[in-house]
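With the hints as extra help, turn the sequences into a complete structure.
In order, the protein sequences belong to chains A and B.
Here the first sequence is numbered in my numbering, starting from 1 and rising by one per residue.
Here the second sequence is numbered in my numbering, starting from 1 and rising by one per residue.
Fair warning: there could be bad hints in the mix.
[Claimed, not checked] To be clear about the criterion: a stretch of chain A counts as covered by chain B if any three or more of its residues have a C-beta under 8 Å from a C-beta of chain B, and this derived list gives those stretches:
#1 9-15
#2 296-305
[What the hints assert, rightly or not] Derived list of chain B stretches under chain A, where covered just means 3 residues or more per stretch with a C-beta under 8 Å from a C-beta of chain A:
#3 11-24
#4 128-134
These are computed hints drawn from the structure, not numbers from a lab.
Bear in mind that the values here come from a model prediction, so they are computed numbers and not experimental data.
In this text, a Cβ means the ideal position worked out from N, Cα and C, and glycines have one as well.
2 protein chains.
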Amino acid sequence: MNAELVFVGTELLLGEILNTNAQYLSQQLAQLGVDVHHQVVVGDNAERLRAVLQQALGRADVVIACGGLGPTDDDLTREVAAAVTGRPLQLDQGLLRDLEAWFAVRGRRMTENNRRQCMVPAGATVLPNDRGTAPGLIIPAEGGKAVVLLPGPPGELQPMFAHHVVPYLTARNGGRPLRLVTRTLRFVGIGESALADRLKDLLAGQSDPTLATYSKTGEVHLRLATRAAGQEEGLARIAPVEAEIRARLGRYLYGVDDEDLAAVVGRLLTERGLTVATAESCTGGLVAKRITDVAGSSAYFRMAFVTYAAEAKVQFLGVPEALIAAHGVVSEPVARAMAQGALERAGVDVAVATTGVAGPGGGTPETPVGTVCFGLAARGAGALSPGVWAETVRLYGDREEVRERAAVHALALVRRYLLGLVP
Amino acid sequence: MNAELVFVGTELLLGEILNTNAQYLSQQLAQLGVDVHHQVVVGDNAERLRAVLQQALGRADVVIACGGLGPTDDDLTREVAAAVTGRPLQLDQGLLRDLEAWFAVRGRRMTENNRRQCMVPAGATVLPNDRGTAPGLIIPAEGGKAVVLLPGPPGELQPMFAHHVVPYLTARNGGRPLRLVTRTLRFVGIGESALADRLKDLLAGQSDPTLATYSKTGEVHLRLATRAAGQEEGLARIAPVEAEIRARLGRYLYGVDDEDLAAVVGRLLTERGLTVATAESCTGGLVAKRITDVAGSSAYFRMAFVTYAAEAKVQFLGVPEALIAAHGVVSEPVARAMAQGALERAGVDVAVATTGVAGPGGGTPETPVGTVCFGLAARGAGALSPGVWAETVRLYGDREEVRERAAVHALALVRRYLLGLVP
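See below:
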């Protein structure tokens, strides 16, 4: 089975948005063992879209077209795909009721435009959209082929693809695709080249599974991949290589696959029955945001003090003014005092603090842009010692990157403490 | 003049890399006034690449093909483009000398493979590569058309395009490129379909400038575009349409082009000499993070209280326990009390508060997932009244989207207050 990807939108041709859907869908299809020979981007133009869809149907079994399903007049994909497959559009009463309910719940008025989103080509399957108003469609075409229409926003496209298109493609393929089985090992606290150096022999001698490193902001991911009939067979082949990697770099390995660092910290806190607070200056709330990205984080996250101004550090965290005067706001003594203040005032078991120079301005020869001091204060519990610690790191990148790397480092510091790796 | 973009590489079809060249080249060509109607991605396969290049030459004046110029056997673009244009490859002695020098300088051995990179189709122009070993090529084709070959790595492609392809395209166009002049109007507090409804006549009757709407998380952007000899001429044509749109929807229009909502709020605070603090529950620090994304925000942002736990709202913001017991944590009275507490305790001029159900759990029939209450407290200044206000909104999407939309709404609420639109 092979598929062709068609992306519809003048904004793509003008370079106004980056086509991340192309990468997402290509990765997903590769994992399913579906070949893709062509990806085509075309604008909001009925004539050209029609020609592109016709050509795609001529050379692929399944055409997946993304974008142009919105409520406005330049959203043409539904109409053109219906014409190309020769299936007239019909108003779907069920969709109309759902959409009316969607607007009613939100106290918003449904406009005439939105009715277009309830038009369905005869014989097409409707794919529900949990995140927006545009449903997806699977439209049968001649010769057992099909055109799949998906909404353009990645937040709508991805769950729809995962929940509705993957089962459809798997069933088309006789239910037993030769899958790409992958396992991603996630590291923090070690750079990509240092990691590659420690795994030099494995990377050079790789064949099955294959190994590939990916640098993420503040993290490195290592993907092990193999083709197998099933998940179990694939993972069995990956296991011995993973064991060797863990033996060498286990200290930096915080999670696998989709595990997020904040979620891992949350799990460690929950297992130990501990609570956490943050005291943030340069990260400006980003550490708290990361922690509370995790559903259920209210069980262990109590409070964040985002003390951006120096006076706020004094007033709300009890950092002594003399300490700031003596060492400067970006210093280990201040980071320690911030963490200690958050621990006491929020009444938590562990507190982490950040103070640094995110840039672009504010750097000095002693504390250049990218310098971030971290503080950690803990009451101690079980085998974990009580204490207050600080460390300074020089991070690179622009303002946004420095802030993101600092948030990752703060989370990694809490993880290290909870695993008994601090001090 | 119009161009077609062809991207060559199986790694793109497998989703192993994100096609950032597509966005870069599209933006550059749009600015030069060169239309692009199609972008095509094809793998390292001679037969399919040949068909794609032939089709592209049939429908565009200039074909720009990226990637596949490397020294290895799967790099086919040079050979296939030579065949498609009917121009035999010849060894270029100058290139060979340059490449031998390049390797000598780096103390590396030149392999036989690298000689392939010195083969040039008869009559083609060589584009020097300052960053790598693969030169670019401009190959004349029938009917005055041309195929431009560029290396795939963005660090090589971008300088080569800027220094060699831009002058070539400008000269082709008679030396005076017709530029695309755009202006993006950014709205908050109104949905895409409601906006389209209010501008129905303008959207239906559009010709020059053209209008297009884009839905962003919590925002809508409207792009006005026209072709003109220069920026000034283009903006003069856009101005009367923009004025009409502002007359209808000015209340929702917060910025233009790259202006960010948090930056606009920062500018309004700075102009009025006011300071701000946040009291956040469901947004978990995201409002503070957005505010402090803006460099220089320390001038007006003092503090965020991320009071995730109910007790933290009582302890750090002085929300009366009885109020929480009577109305629930997600309620307008609690949002008001949070804002009031932040205003007093942080000693700022304006404070905004969020409390809601981000999901996936925690919803009830009375306060379903997506319900967010916002509080705003202000001391008043000049024409701005003092007071405490609250409002409730039902937001859609998953946890992340609800949180992001809530942060946008909180920033928009502060903007409305600073413009005298609250109450």
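Here is what the structure says about each hint:
Counting residues of the segment 9-15 of chain A whose CB lies closer than 8 Å to any CB of chain B gives 6, which reaches the minimum of 3, so the coverage claim holds. Evaluation of the coverage hint for the segment 296-305 of chain A: fulfilled, as 8 residues show C-beta separations to chain B shorter than 8 Å, against a requirement of three. Coverage of the segment 11-24 of chain B by chain A holds. Counting CB-CB distances below 8 Å, 12 residues qualify, and the rule asks for three or more. Counting residues of the segment 128-134 of chain B whose C-beta sits closer than 8 Å to any C-beta of chain A gives 0, which falls short of three, so the coverage hint is violated.
Violated hint: 4 only; the structure is consistent with all others.
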